[in-house]
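Engineer: Listed below are the residues making up each chain.
There are 2 protein chains.
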Amino acid sequence: MDRYEQVIELAKRRGFLWKSFEIYGGTAGFYDYGPLGSTLKRRIEQIWREIYVIHEGYMEIEAPTIGIEEVFVASGHVGGFSDPLCECKCCEEAFRADHLVDDIVTCADGLHIKELDRVIAENGVKCPECGGELGKTYEFNLMFKTNIGPGSGRQGYMRPETAQGMFVDFMRLARFYRDKLPFGATQIGKSYRNEISPRQGVIRLREFTQAEAEIFIDPSNKEHPNFQRFAATSVNLYSDEAQDTGVMESMTLSEAVRRGTIAHEFLAYQIGLTDYFLKRIGIASDKLRFRQHKKDEMAHYAIDCWDAEIETARFGWVEVVGIADRTDYDLKAHASISNTELSIYREYTEPRIVRSFVVKPDMSKLGPLFKGKAKDVAEALKLMRQEELEKDRITIIIDGEEAEVPKEAVDFTEETVKISGENIIPHVIEPSYGIDRIFYSTMEHAFEEEKWRTEEEVDEDARIVMRFKNEVAPVQVAVLPLLTRDELIRPSRDIKASIKRKGLLVAYDDSGTIGRRYRRNDEIGTPYSVTIDYDTVENNTVTIRDRDSMKQIRVPVDNIADLLYGLIYGDSEFESAGEAL
Amino acid sequence: MDRYEQVIELAKRRGFLWKSFEIYGGTAGFYDYGPLGSTLKRRIEQIWREIYVIHEGYMEIEAPTIGIEEVFVASGHVGGFSDPLCECKCCEEAFRADHLVDDIVTCADGLHIKELDRVIAENGVKCPECGGELGKTYEFNLMFKTNIGPGSGRQGYMRPETAQGMFVDFMRLARFYRDKLPFGATQIGKSYRNEISPRQGVIRLREFTQAEAEIFIDPSNKEHPNFQRFAATSVNLYSDEAQDTGVMESMTLSEAVRRGTIAHEFLAYQIGLTDYFLKRIGIASDKLRFRQHKKDEMAHYAIDCWDAEIETARFGWVEVVGIADRTDYDLKAHASISNTELSIYREYTEPRIVRSFVVKPDMSKLGPLFKGKAKDVAEALKLMRQEELEKDRITIIIDGEEAEVPKEAVDFTEETVKISGENIIPHVIEPSYGIDRIFYSTMEHAFEEEKWRTEEEVDEDARIVMRFKNEVAPVQVAVLPLLTRDELIRPSRDIKASIKRKGLLVAYDDSGTIGRRYRRNDEIGTPYSVTIDYDTVENNTVTIRDRDSMKQIRVPVDNIADLLYGLIYGDSEFESAGEAL
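Note that the protein sequences, when read in sequence, are chains A and B. Residue numbering for the first sequence follows the working numbering, beginning at 1 and increasing consecutively. Residue numbering for the second sequence follows the working numbering, beginning at 582 and increasing consecutively.
So here's chain A without its partners, still in its complex pose (with noise of 0.2 angstroms):
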C-alpha cells in the first residue's frame, strides 16, 4: 500500500470520505465525505472564510450553481471548455484522446485533435478495453448540460467555476460597496465538469467543491495597501524562468516583487495569503510551492498566473489553488454579451480640463430635409470624426442608404472641457481554491504510522496518528469514562455535556481497553482525551492525554471546557494548563 491507499483506506473506514452510491456499484468522479470528512471540510472551509470574509473583507455571496446559456457563452465555456474524447467503434468506450497516446508523444495534452488522430493512426493505438478500432476524436464539452422549465426549454449548464457568479452580480457588487475600489466578493460552493473518464480517485472529481475570490481592482493601481504584511515572508517560488532549470527559488515576496518575478504587490499579497491558508490548516511547508504559469500555458489576456502545488506521494505536484490577474477580461465579455456597462466611475483627484471635439448638428436644418430620420442623421454626425466632416462632401449611410449632408447643416468645434472623473472597467484578482485536493492533502500531510511505543500498553506495533491542527481536526476531544460503572458515566456525561456547551465537537466513548480507545481517536486525530477515573469522584480532577506527544495532565473538571476551547482555539500550552503526570 503506497502512502495514497494508506490515507483512502483510513478514510473510509473511519467515515471521512465514501465512494459516492456505493450500494449502487459507485460512478466514477463522485465521493461523500462521511462525518468526520465532512466536519473536517467544513472546519477548513470556515478558516477560509474568516481570511477572506471577515479580515479582508470580501463578502460571500450565493448564486446558483445552474447559469443559463449566455453565462457560458461570455465566459467562454460554451466554446472552449472541452477535452479531446474519442470513442471505439466496436465497444463504445469513451477515452481521453490525450490519455491514450501519452506514452508515446510529450504534451500529448497540448495536441490538437488533428494531431492526436495522426498520432494514434501512424501508431496503430487500439481501444485499451477490446482492441477495437478508434473514431476519430472529437471536442467533448465538459460542462454537465439541463433544460430549465418544461419542453425543450431554455438550456443551463451545471457551472464549471463558482467565479461568473461574481462578474454576472458586478453592478450590484460595485453599489453594495458604494463604486470605492478595491473591493471584492467571495463564494463558496459547488462547481461540476463532466470529465470523460476520471481517474485519481479524489483528486479529479466531476463534482467538486471551489472557495473562490474575485477582487475588483484599480488597474492602474496595483499595489497593495497591507502589502508590508507578507513583504518579509519567503515562499517556495518555481517561475517560468526556474521551470526551465528546474530548481525552485526560496524568495521574500518584496524581493519577487522587486526582481519582477511576480508582476505586481497585489498578486503578491495574494501568494502571500494563500501560503498563509495552507500552512495554517496543515500543509507540510517543503510540500508546497507556487508555480506560475508559463508564457504559452497562461490564458491570453491574464497577466500574470502563479498556482499553489502541493506534492503528494502518489500524484506528485498537485495543482490546488489558482492565482491569476485576469485583467479586465471577463467584464468585458459580459459587458458585451448582455450588452450592459460593467464599469465604476472613478472621479480624479483633480478635475482635468480637456480639449474636447464637439460635434454640433443644426436640427432646424436637418429636420426639413431628413424629416422622421434627422435624428438618427444628427446621432450619426456625432460620432463622425473631424477629418470626415472637413471634407468637402460629408455622406452618412442611413437605414443601409448613403445620403449627403449639407455642410452648413453641421458645426463643429474643439472645446476645452472640466471633466472630473471617468468611466473605467477594473482588473480582476482571482484565488481560486480546490477545496477537495486541500482536504486530500491536509489529510495525507496529517497521517503517520509511528513505532509501537512503550509508555502505552496496545497490542499493536505501530501507531497511526493523524497530526491534524487543533483548528481542523474532526473531533475535538474524546470522553472517556476508565470503566463502565455508573460512578464514572455520571460525571463523564456531565462533562461531555459542558464541553459541547462550549461548542466543541466531543466523542464519548466507553468500549474496549482505555489503551485502545486512546488509538482510535489517534486515527482520527482528536487532540486532546479527557479521562474521568476515580481520582474524579475522589477529588474532582480528569486527566487530559495530548495526541501528539501522548503526554498526559491532571486537570480540575470546574472549568474543563474553557481550558480545552483554549487549548483549541486559543494559545494555550498543553504542558502548562495543568499538573504534568
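Read the hints as simulated data drawn from the structure, not as lab findings. For clarity, every value in this text was computed on a predicted model and none was experimentally measured. A portion of the hints provided could be inaccurate.
[As the list claims (entries may be wrong)] Below 20 angstroms or equal to it, Euclidean Cα-Cα: the simulated EDC-like pairs (lysine to aspartate or glutamate) are: (1) A:Lys136 - A:Glu161; (2) A:Lys496 - B:Glu637; (3) B:Lys963 - B:Asp980; (4) B:Lys1083 - A:Glu45; (5) A:Lys190 - B:Glu742; (6) A:Lys502 - B:Glu626; (7) A:Lys500 - B:Glu1052.
[Unchecked claim] Part of the chain A face toward chain B, derived, beta carbon under 10 angstroms: (8) Gly34; (9) Ala63; (10) Glu87; (11) Phe144; (12) Gly156; (13) Gly165; (14) Val168; (15) Phe170; (16) Asn194; (17) Ser197; (18) Gly201; (19) Ile203; (20) Lys500; (21) Leu504.
Just so you know, even glycine gets a beta-carbon here, dropped at the ideal spot from N, CA and C.
Position chain B against the provided structure of chain A, taking the given hints into account.
Structural biologist: Just chain B, lined up with the frame of chain A:
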C-alpha cells in the same frame, strides 16, 4: 407596496437578495444571495448545525448533488415526482394545468390529469397568454436531468432532496455509529426542482437549500431519552382534527403525546427542537404553528407528519419544515433496488429460546438422484413449509420442471434454539428544513417601519429597522468615526481591527451625517454602532448605540471587542455594559 414588496425592495437595494442573471434579463426560480443575504443565511445554517450536529450529535455528511438513476428509482422520484403540464398549441407556452383551473374547482392540485383535461374542456379554458387552444395535460417530471460522462452517458439527476444521500450511506453510517440505535446524519446543501412556471419569488425556487436530518431509530422504541427537555413546551398545534374545525390549539408537547395528537415522543421532541430553532433565529411565536398532514395527504407509508408553518404577509401560512416518521420505507426501497441488506443487528437484552422448524435434506440420497442439481434441490427443500413436507408426495420445481423427492431423502424436525439477537430495519424520523423560506420569513418578521423619533434627528419621516436577533444579524458592528479627520480615523481603524480579530463582521462607514449612518445600519439590522469622537481622543472611550432602543452607552476602548462579543453571543445586558448617556 405590501410587506413582501417592502422586504424584497430592501433586500435588493441593500444586498440581501438579487434576481439571478439580472444583466441577462433573469430567469424565474433563481435568486442570488448578496453579501448580507449570504451572511444571514450562513448564520442561520450555523445555528442549525450547532443544534443538530454538536448538541444532538447527528453528524453532517456531504453527498453529491448529482445522483444516479437507481437512487431516484428507489426513492420514487423517477416514477412519481411530477406536476401536470399543459402547453398551448399556439404559442407553446407551458402551464401547470392545476393552476389554470384553480379558480374553477376547489383542490385543483388533487386532480388527476384526465380530470384536469375534462375541466379545461368543459369550461373552455384557453391559453392565458395568447388565448390559443390548450394541448393534452401530461405529467412532467420535476427533476433536472443530465448525463454523466460522454455520449448519451449514464442518466443523472440533480437531487430533489438531500435525504437520499443519507439513506444510500446507511450501512456506512451504521458502522460509524457502531450499530447503536438511535443515530442520525444531517446534510445542508442544494436541492433542485424544475418547476414548470415558478411564481411566488423566493418562496418557490428551482434551486434551493435544504437542511435535513435522517434519524434512525428502533421501531419498537419511539420514546426519546431527552424528552423532558420539551415536555412542558407549549406549541401551536393545528392537528388533523383541528383543521376540520379551523381552530388551532396551544398545547404542551407532553400533553400532545399523552392525548395521541402527536404519534410518539420522538416526533414530539423533533417538533420541540424545530420550535426552539425557529424562535431562536427570530420567527415570531404567534406566527408559527405546526400543522399535521391530513390522512389523505400523508404519504401512504408515513405514520405521522407535521409541517412547521410560518405566517407571511402575502403568502399566508407557508410550510418551512416537514417533520415525519417515514417508517422503514426508504431503507426497504434501497435494499430492494440495490439488492443489499440495509439492517442493524440488535442484540436482545437476554437471549431468547425459540422453537424453530428445521429441514435436513440428506445429500447422500439426493446426490445420486439429482447429480449436479442436488444442491439446488436441497436449497429448495429448506424453504418448504411443514405441511408441504408432510404430504404423501414431495414435489419441487427445478429448472422449470417438476421433480419428485423421495420422502426418505429429507428429514425435518422442530428444534429448540437460543438466539441472541435479530436484524431489524430501523424507522426513520426526518426533520426537513427549507432554508430559503426560513431566510425570507426571518427577514419579514425582522422588518419594521417606525414612526420618526425625536431622539435622533434625521430628515426622514420613518425609520426602517431590521430587528434581527443578535446571533443572525449579518453585520454585527458598525464602526463610525464622527468626522473624517485623521485623529478620529486612526483610532477607528484600530478599533475595527480589534473587533475583526474577535471574528465579528464589522462595517466601517465614514460618509454622511452620523444620524444617516445610524439609519443605514438600522436598515440592515446591525445591532451595535460604535462611534469614535473627540472624547475618544481625550479619554479613550467610545459610545455604543443599540439598534432597537437607540440608547447609547459610553465604554472604554480597551476591551471593546470582548464587550461586543458578549453582547452578541453571550448574556450581557446592553444597559449595564457601560455608562448610560
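Engineer: Give a verdict on every hint.
Structural biologist: Each hint tested on the structure:
1. A:Lys136 - A:Glu161: violated (29 angstroms)
2. A:Lys496 - B:Glu637: holds (12 angstroms)
3. B:Lys963 - B:Asp980: holds (17 angstroms)
4. B:Lys1083 - A:Glu45: Measuring from Cα to Cα gives roughly 18 angstroms; hence the hint holds.
5. A:Lys190 - B:Glu742: Within the cut-off at roughly 16 angstroms; holds.
6. A:Lys502 - B:Glu626: Given pair A:Lys502, B:Glu626 holds - Cα atoms ~18 angstroms apart, limit 20 angstroms.
7. A:Lys500 - B:Glu1052: Holds, at about 18 angstroms.
8. Gly34: This hint holds: A:Gly34 lies near chain B, its Cβ roughly 6 angstroms from the closest one there, short of 10 angstroms.
9. Ala63: holds (5 angstroms)
10. Glu87: holds (7 angstroms)
11. Phe144: holds (5 angstroms)
12. Gly156: OK, holds: A:Gly156 within 10 angstroms of chain B, min 8 angstroms.
13. Gly165: The hint holds - A:Gly165 has a Cβ within 10 angstroms of chain B, the shortest such distance being about 7 angstroms.
14. Val168: Nearest chain B Cβ about 6 angstroms off; hint holds.
15. Phe170: holds (8 angstroms)
16. Asn194: holds (7 angstroms)
17. Ser197: It holds, given that the least Cβ distance between A:Ser197 and chain B is near 7 angstroms, below 10 angstroms.
18. Gly201: Hint on A:Gly201: violated, closest Cβ of chain B at ~15 angstroms, above 10 angstroms.
19. Ile203: violated (16 angstroms)
20. Lys500: holds (6 angstroms)
21. Leu504: holds (8 angstroms)
Violated hints for the displayed structure, listed by number in ascending order: 1, 18, 19.
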